[in-house]
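**Student:** What follows is the residue order along each chain.
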Amino acid sequence: MSRPRVLWTLLIALVATLFSFGAAQSAQQQTLVIGGDWTDLITLDPGVAYEFSPVPILDNTYQRLVQFQGTDLSHVVPDAATSWDIASTADGGSTITFHLADATFSTGRPLTAADVVWSFDRVIQINGPSAFLFTDVAGMKVGSTKALDDHTVQLTLPKGVNPQIVLNMLTFNIGGIMDATEVQKHVDANDYGQKWLNDHSAGSGPYMLDRWDRGSQVVLVVNPHYPKPPAIKRIILRYMQESNAQRTALKSGEIDIAYNFTPDAFKEAESDPSLNAIKTDTFQMAYLGMNSGPNAPFADNRVRDAVRYAIDQDGIINDLLAGLGRKMQTIIPYGLMGADTNVYFPHDLEKAKQLMAEAGKSGGMSVEFLIATGACTGGVPCADLAAKIQSDLAKIGITANIKQTTSAQLYTIYRQQAAQLVLAAWSPDYPDPNGNASPLADYNAKSLAWRNDWNDATATKLATEAATSTDPATRKELYAQLTKYVAENGPFAMLYQPVYPIVTSAKVQGFARSAQGDVDYTAITKLP
Amino acid sequence: MLAFLLRRIGYLIFVVWGVGFAAFFISHVVPADPAAAALGSNARPAQIEAYREKYGLDLPVYQQYLRYMVNLFQGDLGNSLRTQRPILSDLRDFFPATFELTLGAMFFAALFGVPAGVIAALYQDRPIDLGVRSLALVGGATPVYWLAILALELFHSRLGWLPGPGELNPYLLEPHRVTGMLVVDAALAGEWQVFGSAVSHLVLPAAVLGAFSTALLARMVRSAMLEVLSQDYVRTARAKGLAGRVVVFKHAMRNAALPVLTVMGSLLGSLLTGAVLTETIFSWPGIGSYATSSAIGLDFPAVMGVTLVAGLVYSLINLLVDVLYGVFDPRITYA
Amino acid sequence: MTAPAFLRSKPARRFLRNPGTVIGTALSLALILVALLAPLLAGDPLLQHLSDRLQGPSAAHWFGTDQLGRDVWARVVWGSRISLRIGFVVVAVSLLAGGTVGLLAGMLGGAWDELLMRVTDIFLAFPALILAMAISAALGPSLGNVMIAVAAVSWPNYARLLRSQVLAVRTLDYVEASRALGAARFRQALLHVLPNTITPLLVQASFDIGSAILTAAGLGFIGFGAQPPTPEWGAMVSETRNFINEAPWASSAPAIAILVTVLAFNLLGDGLRDVLDPRGRTRR
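Chains as they are written, first to last, in this note's numbering: chain A, 1 to 528; chain B, 529 to 863; chain C, 864 to 1147.
Here are the simulated distance ranges between beta carbons:
hint: 1; chain 1: B; residue 1: Val666; chain 2: C; residue 2: Gly919; range: 23 to 33 Å
hint: 2; chain 1: C; residue 1: Gly919; chain 2: A; residue 2: Thr341; range: 30 to 40 Å
hint: 3; chain 1: B; residue 1: Leu852; chain 2: C; residue 2: Ala1031; range: 17 to 27 Å
hint: 4; chain 1: C; residue 1: Ala889; chain 2: B; residue 2: Ile656; range: 17 to 27 Å
hint: 5; chain 1: B; residue 1: Ile537; chain 2: A; residue 2: Gln416; range: 46 to 56 Å
hint: 6; chain 1: B; residue 1: Leu530; chain 2: C; residue 2: Ala875; range: 47 to 57 Å
hint: 7; chain 1: C; residue 1: Gly919; chain 2: B; residue 2: Val706; range: 48 to 58 Å
Hint data in this document are derived by calculation from the structure and do not stem from the laboratory. By construction, the Cβ of each residue, glycine as well, lies at the ideal position given by its N, Cα and C atoms.
This is chain A alone, in the form it adopts within the complex:
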């Protein structure tokens, strides 16, 4: 080609893309592009992944035995198992027997009981970040899952494990069933196929993994063997860290769904007819952790109460979150059984100052206030939230010196019980009140109660009783007692339970996100 011709070709190509999107029109209607900050994507192996972003990807590529229907997390429904029976065993434990449906992996092989056993045992053998759900919470070992025949799987649970909690837990991607034959073909140096599963999928869900271009996009395409072909054939999760970038890309039609609008931008989107602003639930809670150990600054519960009275929760929720949050003061959030939505501490500076005086701190006190870089749960920058809390606490004589670190450093310090005052978030590992009660109330669980050095016999006893009880009414009653007790005595000042703001183009129909972060991509359609 002569030089002018090359130039002309370039020019024409440029003009073609800038002004005509027509060619891709029909493909566009079958393609869904989701913009979000997916930097927490580390692995797409369902047995290992334990971050927020992979949840919808894995739940749409791997079937679990049971699942939740849409956003209803109150009870599990069939997925790969059509039905299941729970029975008690002689030693006080229990078994769950699952009867499998006919399902086909994206590789073309049928899903059998042997695949379930292999997938579950694999999780325990790899012992990844999420494996404690199987080993600690469900008390499972290699061998706990048995194939009774090709279509029947039995799970044996030890004494003290509540099978209802295990069922809830199996909806999480850790319960994803993979094609054992296929994955075993791609094992590299005893890695159980972990490396291969980052760029391929071997599940029986409606979609399969096409490619993962790190830092750029994850692409899912339809599983050709899935019985009911969905309307959307291709799903692209595009990495877009900047909230403002997502907003402009959504307005210009480069993406269909944006995951990280700021609260203010969301408010604006609510009045834009070309957009749908959807408030979705989460179980996350932002809280202040106060070190309550013997010589710690918050050893005296009156000081902790003073903090709880001093925090201007309404100001945080209405102004910083632009209303995208719920006021919470207890450890069990909206949406879970046993949720306690009472307000035990109305904003009351006089009361707070009085409590400080009673605790002998009328002269004020100074603490180090540990916060993470980046955004806190609910999309508000931690720095802004901390600045607001700092100014609230200053009003009752507490000088909170903000120390912002990477979250890695924050958790290192926090885990050594070395944080004085910490701004953090909690999200239960499985949708059951015990996912919050045990770590936040039971010192022996070595989680949040422990990290804040709060060792309280009453709370430990209530949490343990509630976890092992199988009678829903009793559990509810126990949780009611526990939440009130921890709210008034615990080491936390709960701040809010965010509403997760998602904005879609008005063309997108049927989008719903559960509090667990799950999205059923097959329910989505796009108008032309």
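Following the hints, put chains B and C in place on chain A, whose structure we already have.
**Tutor:** Showing chains B and C alone in chain A's frame:
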């Protein structure tokens, strides 16, 4: 010449080793625990222990260093603590996008910076010279991230002239990966629609990233040109009545090329890391974004990998510039 | 009317002839004045009025308010103290560290020279922002660590500069002469080399104040800077960047402050070079 090259290559190895050594020890004074970063907030103490053991994080620092060096000599940069993949695969995935962006920025800088400098020199102290100099001064002082935010807001959101963040219209399929640079791969595959989209996505971030270099280049070219123009032989040539243009291009440009080369070389080296801020705002899947997430996640093998490669690239470019110096300026001898 | 004698001196005339220099000097002095007089010029940079968040510029808030209802003018004014402190401290530390290394390399010569200069090369080859991020991530974000990080990447310039000056001066007769007289090597350095290198160092330093402020603000922007709610300019741009649509003033005011400050010191550097170092020995 050969002795010079050998000595320089020796230096280069020493420098790259030193960069790696420094990076290793900086990342090991970390008071925080990389295992805590990798396993998240809910991790149990036992898991953290197991993880530390698996990656040798429980060994003394010098043993970890020895282990690292032994692997390095086998061409293994180790595994990322965060992505759990070999660092080399990560770098292969992230590096080309940055290289593409950097070349785009250099292209932009050369396209605007060189002519601006030449014109300013030819019309010294006239309004156009003052304009170029003022713009160059402002360009050299503007925070690149703010420029990026403004450019995106203006040219994408408000005017809609250029596409937004990212490398490609998401509805288009990426071409077969050869170099990893989308513009090149699309051209190689002959997919012109993809090519057009990739080029139009590149314009804004490249211009933003290149703004500082453009300003610096314009200043350098201007002063180099002025120096050359004031030299006797050029003045003589001009006085002899040779057409102004011929003089400029025959003599002056050739002599001004030297400082320009130096600047371009050092810019290319610094752009690779200067891209960090631009990449964040433009959601560009490059090495800058990777380095930032790695630093935040205390993923020190990854930070080391990026540092080593960046140090190597910088040193190689410097070497290349020094060698080219000899080509342009025969007075220089490689003693 | 005749101007005072010093204004008619040659350097002073060169200085005054260049409008950029005059502007740069005036701006730099004005910025230093703003930083010193911050308590008189603006109110509390931390005071929040959540009900007045993201307000446009008005008589009460000259630059509007930010996402917490804080006065942007107050934050920009108080922020000048932080940026200028970073600039001066970084340059002072780099000058001291780099100067010492350069001086030693030049004076000692031989293998020492070789070694010190290769170490300098290592730091030059280090990707600046990544080094700074690594230091910040390792030691925790704080103003002090930002200064360490920026100084770590800017000292090599001084090492090179000083070394080349030492080498140039060493060959001059009077140094040879004093060496012949048996003066201690380091006294030579102090007595003869230093006065001759003041000029290029001064020029380099004024450029580096600008670039140190720019780099530090970049670190602040990606969250490796000062602790919140410190009004650090880079962090302010970062915190308010998502409001570019509804409140452009909140991110633009600190960004323009950075621009003006860096510009001022660059102009000052240009001017100093024209006046003190007309042959342009300074690397830029």
